[in-house]
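Novice: Now for the letters of each chain:
There are 2 protein chains.
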Amino acid sequence: MEEIARLADVSIATVSRVMNGSSLVSESTAARVRQVMKETRYLPNNTATSLKSGISRIYGVIIPDITNPFFAEFIKAFESIAIEKNEEILLANTDFHPSGMELSIRRLVTRQVQGAALLVSQVSEETCDALLKNNVPMVTFDRRVTGPGTSDVAIDSLPGMDQAVAHLKELGHKRIAYIGGIAGEPISDHRDHSFLRALKNHDLPLWPELVRVGDYRIRGGESAMSGLLSLPTPPTAVIAANDLTAIGAMRVVHERGYAAGRDFSIVGFDDIELSGILSPALTTIALSRVQLARCFFDALESFKRRVDCAGRQWKVETRLVVRQSTGRPRRSGRKRRSSSSGGNGTAAGAKPMLDKRR
Amino acid sequence: MEEIARLADVSIATVSRVMNGSSLVSESTAARVRQVMKETRYLPNNTATSLKSGISRIYGVIIPDITNPFFAEFIKAFESIAIEKNEEILLANTDFHPSGMELSIRRLVTRQVQGAALLVSQVSEETCDALLKNNVPMVTFDRRVTGPGTSDVAIDSLPGMDQAVAHLKELGHKRIAYIGGIAGEPISDHRDHSFLRALKNHDLPLWPELVRVGDYRIRGGESAMSGLLSLPTPPTAVIAANDLTAIGAMRVVHERGYAAGRDFSIVGFDDIELSGILSPALTTIALSRVQLARCFFDALESFKRRVDCAGRQWKVETRLVVRQSTGRPRRSGRKRRSSSSGGNGTAAGAKPMLDKRR
DNA sequence: CTGAAAGCGCTTACAG
DNA sequence: CTGAAAGCGCTTACAG
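In the order they appear, the protein sequences are chains U and Y.
The opening residue of the first sequence carries number 7 in this note's numbering; numbering runs sequentially from there.
The opening residue of the second sequence carries number 7 in this note's numbering; numbering runs sequentially from there.
Among the hints, a few may not be true.
For chains that are exact copies, the list does not tell them apart, and a pair is met inside one copy or across any two.
Straight-line C-alpha distance at most 20 Å; calculated EDC-like pairs for lysine to aspartate or glutamate [said to hold, decoys possible]:
no., residue 1, residue 2
1, K58, E8
2, K44, E131
3, K44, D314
4, K91, E108
5, K180, D314
6, K206, E176
7, K321, D195
8, K82, D15
9, K44, D209
10, K82, D314
11, K82, D101
12, K139, E9
13, K44, E108
14, K82, D71
15, K82, E307
16, K310, E45
17, K175, E307
18, K91, E132
19, K82, E176
20, K91, D101
21, K139, E323
22, K139, E8
Please keep in mind that the hints were generated in silico from the structure rather than gathered at the bench.
In this text the structure is predicted, and so the values were computed from the model without any measurement.
Make a model of the complete structure from these sequences and hints.
Specialist: Spelled out as structure tokens, the structure:
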């Protein structure tokens with residue numbers, strides 16, 4: 007910067023003003039300074055700027071695992087918004103390190119982030135304190151707690167769930183199962199609740215044995231589905247708490263020789279890119295990653311870097327996207343297994359789409 | 007920090023020394039200072055540290071797209087190494103922004119990264135200059151150019167390719183096709199070359215019409231595969247330049263009523279997590295993401311933040327992982343289409359694993 | 001072993 | 001409109 011000042015024959019203060027677009031500089035000198043900056047290919051040292059101004063232009067984002075498509079897609083959307091506003095993003099994956107959360111918080115605070123987006127399920131009091139006491143406002147994910155420096159982005163799962171149940175009912179399904187997320191997590195509870203509510207809205211009975219828990223992964227979907235298909239009277243359709251769970255369910259369906267969509271209906275949740283590529287393409291309750299990212303960003307930004315700024319509840323909508331994994335129930339819903347497992351060949355050639363690993 | 011100094015009744019210099027584990031502090035005062043830091047939950051302001059020391063403890067990583075599993079898995083591995091060494095990572099996705107590369111470089115330089123890992127294909131002279139002139143050493147991906155402040159991590163694709171060809175030959179394949187990456191990119195050229203070399207190593211003929219280009223995506227694999235299957239004498243096996251290409255190829259194979267592994271053999275490249283989950287699970291040339299990340303990190307670290315430090319060529323190995331997408335050729339390799347497309351039922355029930363979208 | 005002081009590269013009142 | 005100067009929160013020779 008000194009070099010620029012020297013070459014343009016001004017003080018460093020003026021150089022700084024030009025960079026920040028201050029109106030207190032004559033156009034002629036400003037032009038001269040800009041010229042020199044261009045020639046020298048000068049780029050400001052952001053760490054000095056941050057130190058002096060106290061503004062880091064960094065938001066922290068904590069997620070469980072970047073290799074989960076849901077989070078990768080979220081990060082993609084979030085980064086694109088941040089870059090546009092000339093903000094940086096500090097990414098922390100809690101699953102990669104034993105002391106995940108604690109370490110991540112430390113990293114964020116140490117780097118002076120202006121706010122933290124917490125897309126993890128278990129947000130402890132301790133975590134909140136660590137953030138808030140260090141003057142870092144935070145936005146949580148479907149935790150439904152707000153306060154000073156604390157906002158929350160909730161998923162309004164009811165509309166999508168309602169549409170899904172309506173869709174299945176219209177197709178003729180009566181025994182609709184549900185595979186939830188990890189029990190005890192607020193986000194799972196809300197989703198479960200929406201399902202129950204949607205059943206009620208459409209006067210459909212709730213069969214307790216048709217409600218299972220998963221783990222938001224393929225594995226959980228598989229084992230829950232296995233249980234469901236082993237029931238004396240299995241369901242004819244299932245709604246899963248997320249797409250990976252639905253994919254697991256779909257694999258089990260295929261492995262047993264049924265064809266998803268034709269013999270058994272499956273609805274996912276999230277609409278990750280993969281959902282549209284699967285075969286059959288997954289009918290799913292879409293949760294726009296772009297809207298979600300926008301929501302988090304706006305929530306973060308509206309704190310204006312201050313923890314004493316009131317937080318608020320944000321919400322993002324969901325809606326059903328009908329693809330090929332849903333269809334009319336094959337039979338009345340009873341005797342499904344015996345009717346199909348006899349090897350009459352209708353689905354005998356169907357191949358499992360995914361194997362048992364993972 | 008002043009507060010700590012005051013509470014512990016020492017100077018800020020001593021506090022700093024304690025934080026940095028200097029041996030010039032008596033154990034008693036050090037203990038006292040640590041105590042106070044613990045109570046206060048003090049965390050140092052990294053931006054000040056960076057400014058003063060001139061060490062940012064950040065490495066920049068530029069990739070095309072985080073939602074591509076290959077890169078997500080790379081980032082996962084790289085982050086985990088970086089965190090262990092108490093370094094941060096600044097991630098830039100070039101595909102998300104029109105002026106991708108230029109903007110990304112700017113972000114890295116501005117944030118004073120200590121080095122940049124460039125996992126993108128087209129690295130222009132301009133890009134290198136922008137980095138090097140700003141004192142940022144760089145490590146490129148299979149570009150095979152080294153110099154001061156410039157290292158390269160190459161994929162040694164030959165061993166894996168050789169094993170793949172050997173595997174296919176042993177199964178009885180003679181007409182082996184290849185679907186490459188984007189033509190003109192160094193990384194694609196090296197991979198192509200390894201394939202040709204492997205054929206020669208095993209005295210297998212090269213049929214020019216069996217060598218096609220793709221785009222490292224599902225789409226490219228699909229169209230290349232369609233072309234191959236429409237040939238008067240189609241191949242009996244194909245090796246793809248990456249797993250996504252192989253997945254595209256597999257979809258086309260399934261769509262035409264063949265079963266991958268049984269009627270047609272497919273080999274991928276990379277071994278993304280998805281490969282093991284597909285059905286049939288993909289036989290592929292594995293490129294360890296952990297090794298790759300380790301290599302990039304070490305290469306970066308060995309510059310010691312100086313562009314005048316000589317770079318060198320790094321290399322990461324590949325090896326074949328045999329799963330279910332390869333098997334004996336169904337017939338002699340001729341008349342494949344007519345023999346199977348007649349609807350004899352052998353593969354009639356096979357379902358495409360992925361649909362046409364994307 | 002410990003502290004006072006200079007300085008990292010910026011920004012921003014404060015004078016002129 | 002422009003510049004001199006203080007200061008952001010640290011680190012590190014330099015004295016003691």
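Novice: Each of the hints needs a verdict: does it hold here or not?
Specialist: Structure-based check of all given hints:
1. K58 <-> E8: both (17 Å within a copy, 17 Å between copies)
2. K44 <-> E131: Intra 49 Å, inter 18 Å, cutoff 20 Å: inter-copy only.
3. K44 <-> D314: neither (41 Å within a copy, 24 Å between copies)
4. K91 <-> E108: between (29 Å within a copy, 16 Å between copies)
5. K180 <-> D314: Answer is neither: 50 Å inside a copy and 72 Å across each miss the 20 Å cutoff.
6. K206 <-> E176: Intra 15 Å, inter 61 Å, cutoff 20 Å: intra-copy only.
7. K321 <-> D195: The answer is within: 16 Å in one copy meets 20 Å, while 49 Å across copies does not.
8. K82 <-> D15: neither (43 Å within a copy, 48 Å between copies)
9. K44 <-> D209: Intra 69 Å, inter 58 Å, cutoff 20 Å: neither.
10. K82 <-> D314: Result: close neither inside a copy nor across copies, 30 Å intra and 34 Å inter.
11. K82 <-> D101: So K82 and D101 pass the 20 Å test inside a copy (19 Å) and across (10 Å) alike.
12. K139 <-> E9: between (40 Å within a copy, 15 Å between copies)
13. K44 <-> E108: Answer is between: at 14 Å across copies they meet the 20 Å cutoff, but 43 Å inside does not.
14. K82 <-> D71: both (14 Å within a copy, 8 Å between copies)
15. K82 <-> E307: within (18 Å within a copy, 27 Å between copies)
16. K310 <-> E45: neither (36 Å within a copy, 28 Å between copies)
17. K175 <-> E307: neither (42 Å within a copy, 60 Å between copies)
18. K91 <-> E132: Classified as neither; 31 Å inside a copy, 25 Å across copies.
19. K82 <-> E176: neither (36 Å within a copy, 43 Å between copies)
20. K91 <-> D101: between (29 Å within a copy, 17 Å between copies)
21. K139 <-> E323: Neither: 32 Å inside a chain and 48 Å across chains, both beyond 20 Å.
22. K139 <-> E8: The answer is between: 17 Å across copies meets 20 Å, while 38 Å in one copy does not.
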